[in-house]
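Enquirer: In case you want the letters, here they are:
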Amino acid sequence: MDGVDLLIATAVLAAGTFAFRCAGPVLRTRVRLSPRAQRLMALSAVVLLAALVATSVLTEGHAFAGIARPAGVLVGGVLAWRKAPFVAVVVAAAATAALLRLAGVP
Amino acid sequence: MRSIWRTLDRELTRDIALVCVADGLVGVSYGAIAVSSGFPLWAPMLMSLLVFAGASQFMLVGIIAGGGNPLAAVVAGLLVNARHLPFGFAIGDVFGSKWAARIAGSHLMIDESVAFALAQRDSGRRRAAYWACGAGLFVSWNAGCLAGAFAGTAISDTAAFGLDAAFPAVLLALVLPSLRDRATRLPVAVGVVVALVATPFLPAGLPVLLALAGVLVGVVAKEPTTLEGAH
Chain A
1136 MDGVDLLIAT AVLAAGTFAF RCAGPVLRTR VRLSPRAQRL MALSAVVLLA ALVATSVLTE
1196 GHAFAGIARP AGVLVGGVLA WRKAPFVAVV VAAAATAALL RLAGVP
Chain B
123 MRSIWRTLDR ELTRDIALVC VADGLVGVSY GAIAVSSGFP LWAPMLMSLL VFAGASQFML
183 VGIIAGGGNP LAAVVAGLLV NARHLPFGFA IGDVFGSKWA ARIAGSHLMI DESVAFALAQ
243 RDSGRRRAAY WACGAGLFVS WNAGCLAGAF AGTAISDTAA FGLDAAFPAV LLALVLPSLR
303 DRATRLPVAV GVVVALVATP FLPAGLPVLL ALAGVLVGVV AKEPTTLEGA H
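Chains as they are written, first to last, in the working numbering: chain A, 1136 to 1241; chain B, 123 to 353.
Misleading hints may appear alongside valid ones.
What the hints assert, rightly or not - Covered by chain B, according to a simulated footprint, are these stretches of chain A (three or more residues, beta-carbon under 8 Å):
id: 1; stretch: 1138–1145
id: 2; stretch: 1149–1163
id: 3; stretch: 1177–1183
id: 4; stretch: 1190–1199
id: 5; stretch: 1210–1219
id: 6; stretch: 1229–1235
What the hints assert, rightly or not - Example chain A residues on the side facing chain B (calculated, C-beta under 8 Å, incomplete):
id: 7; residue: Pro1170
id: 8; residue: Ile1202
id: 9; residue: Arg1204
id: 10; residue: Val1224
id: 11; residue: Ala1238
Hints in this document: simulated from the structure, not taken from any laboratory.
All C-beta atoms, glycine included, are put in the ideal place defined by N, C-alpha and C.
For reference, chain B alone in the conformation it holds in the complex:
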């Protein structure tokens, strides 16, 4: 663990801390919304500890509070979380081979920790960024949830603070460097279009998974240089 903190420079630490603060505020809104929609205090807190995936937690609370079937809520939440499967393949090397690290590392896998890890060039920084971001978010998300559940509806509307824009901006900033690579741009463009076109018609979570169609396009069009030569 020591070496992880040594590998993190000040800039990366500050970036991760910023994301943790913002995520903590969203956690406050989550806890507040859950309790004010009639959930017992323990429910949002247990969910934050065991599920630790914001979008699916909001979805579960929303569907059940709206009178929906709990089974449907669970299925919807799982659909939203299915993207963690390919994530694990992409960044599974940061966990090492110890089982304890693999279990802890898997539980800390969320969009931001994956994006921070992917944005690092060398493997030491990758590991450091992943663990610091994952652990930091786990603490801030759960602390936020606890505060929100007790404080009630104090900050239930995070949109007023623009936090709903901060999150995609974080992920965008982390993904942008990968887009400098020509071979990545086409699959990303196709994936984004597929996901956006599918969103009005399909249940949440599925459009993002369908974006993987872009990867198939990338495989088919794998020699951009030959294509260019043909023009």
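If we strip away everything but chain A, and leave its shape as in the complex, we get:
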């Protein structure tokens, strides 16, 4: 891999990513958003995060991710739903997935 190409690729990805990140905060001060529009923006963020959770739990590339990861997240999710401390949620999710893999479950 050519160093110059790599540098350019990194710079373009960085600039584009920053533009995506900066556009929201800048535009929302230019355009006066109605309370309804603000609610929709908050809803959009929740929907995006939930979709991110679903796809990153269940899929790897274009295929099913296997059993261990969804099982771990399920355990963590149930604990979170039962209002368990955040630390317990995260550790239980990771430990469940790790133990299942140790036991040979993909």
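Following the hints, put chain B in place on chain A, whose structure we already have.
Expert: Okay, now just chain B, sitting in the frame of chain A:
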């Protein structure tokens, strides 16, 4: 900056610190994978500083290491990062109006910092959670990347530790309280189904963006009480 640390209680600080540690370990694996796939040492480190978005960085490294076209790798990375645009609209109020804060705040925008901010009720805690999580993750992600790039393949397989399950669990725990609201559940359900159905067929990043179709459904079905009355 002072007031931010004062607003953070111990519980929130501990939660954020936990996420930072886990993210740091993923950073180690990122640095290790990049260097062991033949990238020069500076490349993953520069990417972590300037791009600061894990999924797109893994993707760029993966595509280029696999012999793919750098242009295709950049386009794929940008597609994965496009979700930051709506994120900025949703939580842009935490930055205030100063340009320096807006620039720094924008760069620290990643899934976890957005989710932590959204999960807070009052605006003081929102700001505190966003900045603490964003700054903490920036430090731990870059430190992890640096360690991984030097230490080689020591922890290249974070899946063995279940870290791939820890991340979605973090986001899920932060999103769950929002789902108590009836009006949010339908758009989320539709968005999740759309994203999952699209994943086998579309390039990475696009399925998550298509989930916004759920928001449209939410707009159309905006009066759940009337609907209930009709039954």
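Enquirer: Give a verdict on every hint.
Expert: Consistency of the hints with the structure:
1. Remark: the stretch 1138–1145 of chain A is confirmed as covered by chain B, as 7 of its residues place a Cβ nearer than 8 Å to a Cβ of that chain, reaching the required three.
2. A stretch counts as covered by a chain when three or more of its residues have a beta carbon under 8 Å from one of that chain; for the stretch 1149–1163 of chain A and chain B the count is 13, and the coverage holds.
3. Counting residues of the stretch 1177–1183 of chain A whose C-beta sits closer than 8 Å to any C-beta of chain B gives 7, which meets the bar of three, so the coverage hint holds.
4. Closer than 8 Å: that is the beta-carbon criterion, and the stretch 1190–1199 of chain A has 8 residues meeting it against chain B, so the requirement of 3 holds.
5. Against chain B, the stretch 1210–1219 of chain A contributes 4 residues with a C-beta closer than 8 Å to a partner C-beta. That satisfies the three-residue criterion, and the hint holds.
6. For the stretch 1229–1235 of chain A, the assignment as covered by chain B holds, since 6 residues bring a beta-carbon within under 8 Å of that chain's beta-carbons and 3 suffice.
7. Evaluation of the Pro1170(A) hint against chain B yields a violated restraint, the C-beta minimum of about 13 Å exceeding 8 Å.
8. This hint is violated: Ile1202(A) has a C-beta 11 Å from the nearest C-beta of chain B, more than the 8 Å allowed.
9. Nearest Cβ of chain B to the Cβ of Arg1204(A): about 5 Å, under the 8 Å cut. The hint holds.
10. This hint holds: Val1224(A) has a C-beta 5 Å from the nearest C-beta of chain B, less than the 8 Å allowed.
11. Restraint check, Ala1238(A) versus chain B: the minimum CB separation of about 12 Å is more than 8 Å; hint violated.
The structure does not agree with the numbered hints 7, 8, 11 stated previously, though it agrees with the rest.
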